[in-house]
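Enquirer: Sequence:
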Amino acid sequence: MRTIVIILSFFVLFSCNSNSDVEEYIPLEGGIERWELVRMTGSLINSETTGDEMSWQEYYLINPDGSFFKSRQRDGVITQATGTHILIQEGQQVYFELTYLTGEELIASCLGNGKEILSLRNQVLFGSWNACDGPGLEYRLVD
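Mind the numbering: the sequence shown is residues -20 to -1, 1 to 123 in mature numbering (1 follows the signal peptide of the UniProt record, and there is no 0), read in order.
Some hints could be false.
What the hints assert, rightly or not - Within a straight-line C-alpha distance of at most 20 Å, the following computed SDA-like cross-link-like pairs (lysine to any residue) qualify: (1) K95 to E84; (2) K95 to N43; (3) K95 to Q69; (4) K95 to T62; (5) K95 to F76; (6) K95 to Y80; (7) K95 to L67.
To be verified - With beta-carbon atoms standing in for the labels, derived distance ranges: (8) E84 to D123: 27 to 35 Å; (9) P44 to G22: 27 to 35 Å; (10) G56 to T21: 32 to 40 Å.
In case anyone wonders, no lab produced these hints; they're calculated from the structure. All of these numbers come straight from a predicted model, not from anything done at the bench. Using N, Cα and C, we set each Cβ at its ideal position, and we do this for glycine too.
Whenever a hint applies, use it, and build me the whole structure from the sequences.
Expert: See the structure below:
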């Protein structure tokens, strides 16, 4: 129950944005999308890393057919995951719900149910792991 409250709080926090930038970008309109991790934040003030300073490098390939691929490189080791996704729009809030079929060790989530939530705001994907003391993860779309 605590996990659900944390996740809902996360969405409420980020849905209170008065910008209408969500309309500028239509997810998956151009085909397969590559989203790369560009920033990690911690729970301490000014605990932000970017680029090669991050603990790992990773990206998602989000496919219009409802599948995704995730790859993480950490300490020279590459780990991969696959699964399915659904795109959910509630008002101006847009997010991907990923369901992992393989590579469950890459799930960055508080849910513990094989799923991960990525919230889309201002053309940036935000992970929800920081809602339960995981790192804040920010992804940017790569052309």
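Enquirer: Hint by hint, note whether the structure agrees.
Expert: Quick rundown of the hints versus the structure:
1. K95 to E84: holds (9 Å)
2. K95 to N43: Since the Cα atoms of K95 and N43 sit roughly 17 Å apart, the hinted pair holds (cutoff 20 Å).
3. K95 to Q69: holds (17 Å)
4. K95 to T62: holds (12 Å)
5. K95 to F76: holds (10 Å)
6. K95 to Y80: holds (6 Å)
7. K95 to L67: holds (13 Å)
8. E84 to D123: 27 to 35 Å: holds (30 Å)
9. P44 to G22: 27 to 35 Å: Holds, since P44 and G22 (Cβ atoms, about 34 Å apart) stay within the stated range.
10. G56 to T21: 32 to 40 Å: Violated, at about 24 Å.
In summary, the one numbered hint that this structure violates is 10.
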